[in-house]
Amino acid sequence: MDQAQILDHQFVAAAYTITWVIQLGYLAWLGWKWRTEKRNAERRSPGRR
Amino acid sequence: MKKLGIGLYAVVTVALMIWGFYQAIYVAPDDALQGYIFRIIYYHVPSFAAAFTFFSVSFLGSIAFLSFRRSRPEWAQIADAWALAGAEVGVVFCSVGLTTGPLWGRRAWGIWWTWDARLTTTLVLWLIYVSYLLMRRFAAGPQVQTLAAVLGIFGALDVPIVYMANRWWRTQHPAPVFGGAEGSGMKDPAMLAAFGWNMLAWFAWGIFVLILRFNVERKHQQYAEEEAQEALAANI
Chain S
1 MDQAQILDHQ FVAAAYTITW VIQLGYLAWL GWKWRTEKRN AERRSPGRR
Chain R
1 MKKLGIGLYA VVTVALMIWG FYQAIYVAPD DALQGYIFRI IYYHVPSFAA AFTFFSVSFL
61 GSIAFLSFRR SRPEWAQIAD AWALAGAEVG VVFCSVGLTT GPLWGRRAWG IWWTWDARLT
121 TTLVLWLIYV SYLLMRRFAA GPQVQTLAAV LGIFGALDVP IVYMANRWWR TQHPAPVFGG
181 AEGSGMKDPA MLAAFGWNML AWFAWGIFVL ILRFNVERKH QQYAEEEAQE ALAANI
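For the protein sequence lines, the chains are S and R, in the order given.
Count the first sequence with our numbering and you get residues 1 to 49, in order.
Count the second sequence with our numbering and you get residues 1 to 236, in order.
Don't read these hints as lab results, they were simulated from the structure.
Treat the hints with care, since some could be wrong.
Sample of chain S residues facing chain R (criterion: CB under 8 Å; computed from the structure) [what the hints assert, rightly or not]:
no.	residue
1	D8
2	A15
3	T17
4	I22
5	L24
Restraint-style ranges between C-beta atoms, simulated for each label pair [what the hints assert, rightly or not]:
no.	chain 1	residue 1	chain 2	residue 2	range
6	R	W169	S	E42	28 to 38 Å
7	S	W29	R	W75	21 to 31 Å
8	S	D2	R	S56	41 to 51 Å
9	S	E42	R	A190	47 to 57 Å
10	R	K187	S	G31	36 to 46 Å
11	R	E226	S	W32	36 to 46 Å
Computed cross-link-like contacts, DSSO-like style, restricted to lysine-lysine with a CA-CA straight-line distance of at most 30 Å [claimed, not checked]:
no.	chain 1	residue 1	chain 2	residue 2
12	S	K33	R	K219
13	R	K2	R	K219
14	R	K2	S	K33
15	S	K33	R	K3
16	R	K219	S	K38
17	S	K38	R	K187
18	R	K187	S	K33
19	R	K3	R	K187
Virtual Cβ for every residue (Gly too), placed ideally from N, Cα, C.
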């Protein structure tokens, strides 16, 4: 593997990693927001789901 | 039953993501001109296709909100939740596209960025929707939803300009993968398959997070309404 091929490989790995970090980060934030809203609703009317 | 459906959809989406990744990295051949770096395109193009689709959801939601805000307030709230969800998920996908693009450009062109028509209009699109989200987050008052809907409609008008930019003007950005001039686009069936699988996988993922975001916003709206009703009752 020459230097250019190694660099190409590193750039592809970086692009795929960044994609997954952004998407999974957003999903985690959504999950946290969902939990907050659910807790708010439960605090308002306990017993209701 | 609902939980089973969501679980099944999540499993299919994850399977599609894994299969798409396998196709892009291990099955598709290197591009004849660009070599290995071309594999970034299997994530880059579907991200923008999804972003444009979700900005269109925001556009339709914004129009529906403005249409129903006086006659059917409940419908207007649902439309507003779709508009917000579409804008937010669109910004996430657009951010992915704007990050993976320069990584490809650095190796293919030797530069991270250039102010050509396609790239500049895309950055403007991203900035418009980021300002939309910032307004929704920090502005207060009864007119925020209406102002956001107007901004959402104007923002979406940039989508066809971005799409057509490398057809209307001479740009450094490559020709379209589909719908470009004769002879442009992918030819190898293995590359087309990798592209198709990743397109399917990212749309499945995008729809999943879009529906999740919509439901979070609906819950938030219900909570805000209950709180407003209680405050009103306390003042009477």
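Status of the hints after comparison with the structure:
1. Hint status for S/D8: holds, given a least beta-carbon distance of 4 Å to chain R, under 8 Å.
2. Given hint, S/A15 at the interface with chain R, holds; its Cβ is 4 Å from that chain's nearest Cβ, closer than 8 Å.
3. Using the Cβ-Cβ criterion of 8 Å, the hint placing S/T17 at the interface with chain R is not satisfied: the shortest such distance is roughly 10 Å.
4. Annotation: S/I22 was flagged as interfacial toward chain R, and the flag holds, the nearest CB pair being 5 Å apart, inside 8 Å.
5. Because the smallest distance between the Cβ of S/L24 and any Cβ of chain R comes to about 10 Å, over 8 Å, the interface hint for this residue is violated.
6. For the hinted restraint 28 to 38 Å between R/W169 and S/E42, the CB-CB distance of approximately 54 Å leaves it violated.
7. Between S/W29 and R/W75 the C-beta distance comes to about 28 Å, which sits within the given range of 21 to 31 Å.
8. Between S/D2 and R/S56 the beta carbon distance is about 44 Å. The supplied range of 41 to 51 Å therefore holds.
9. Checked against the given bound of 47 to 57 Å, the beta carbons of S/E42 and R/A190, roughly 51 Å apart, stay inside it.
10. Range check, R/K187 to S/G31: Cβ separation about 42 Å, and the 36 to 46 Å hint holds.
11. Taken as a hint, the range 36 to 46 Å is violated for the pair R/E226 and S/W32, whose Cβ atoms sit roughly 21 Å apart.
12. Of the pairs offered as hints, the one joining S/K33 and R/K219 holds, with about 10 Å between alpha carbons and a cut-off of 30 Å not exceeded.
13. For a cut-off of 30 Å, the pair hint linking R/K2 to R/K219 stands: about 17 Å separates their Cα positions.
14. Distance restraint check for R/K2 and S/K33: the Cα-Cα separation of roughly 20 Å lies within the 30 Å cut-off, and the hinted pair is therefore satisfied.
15. The hinted pair formed by S/K33 and R/K3 meets the criterion: a straight-line CA distance of about 19 Å does not exceed 30 Å.
16. A C-alpha spacing of about 8 Å is found between R/K219 and S/K38, which places the hinted pair at or below 30 Å, so the restraint holds.
17. For the given pair, S/K38 sits about 49 Å from R/K187 by alpha-carbon distance, which is inconsistent with the 30 Å threshold.
18. Taken as a hint, the R/K187 and S/K33 pair is broken in the structure, with Cα atoms around 44 Å apart against an allowance of 30 Å.
19. Between R/K3 and R/K187 the alpha-carbon distance is near 41 Å, which puts this suggested pair outside the 30 Å criterion.
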